[in-house]
Amino acid sequence: YPHCPLQKLRITACNLQGVGQVFKELLANNRSLVELDLSCNSFTLEDLKHIVQGVQRNNTLQKIDITSQPFYVTQQLAPYPDISTSPKPVQQLMTALEKKLADNRQSADANKSAGHHKSSV
208 YPHCPLQKLR ITACNLQGVG QVFKELLANN RSLVELDLSC NSFTLEDLKH
258 IVQGVQRNNT LQKIDITSQP FYVTQQLAPY PDISTSPKPV QQLMTALEKK
308 LADNRQSADA NKSAGHHKSS V
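Using this note's numbering, read the sequence shown as starting at 208 and increasing by one per residue.
Just to be clear, a hint being listed does not mean it is correct.
As the list claims (entries may be wrong) - Quick list of in silico lysine-lysine cross-link-like pairs, DSSO-like style, CA-CA up to 27 Å:
| no. | residue 1 | residue 2 |
| --- | --- | --- |
| 1 | 307 | 215 |
| 2 | 270 | 256 |
| 3 | 270 | 295 |
| 4 | 319 | 256 |
Derived by calculation from the structure, the hints in this document are not laboratory data.
Go ahead and model the full structure; you've got the sequences and the hints to work with.
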């Protein structure tokens, strides 16, 4: 379906590791993806850095799930239940990620409102 751009993608529990650069390029160049689920893989902190860089260059992605990754673990022993207790580098990256996604959602909502006003005039 060439005229049906991909909006939601789930790549979960595939044991992906060392592919952050691939997702960086995918996210930086994609203009249709709205939701991405990469949960339950094996991303490293370096992968997360690349993913965040890709999201920073993307204006359409509104939701990403990257939960259940090794970077949530300290010394491979204790999982962090939420970002507020995660190691500082992870927390900073996740904060940047959430801010960009919120900006994208706000832009999408503004575009919908602008389109609605145009069609009702």
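Violated constraints from the hint list, given by number and in increasing order: Those not satisfied come down to hint 4.
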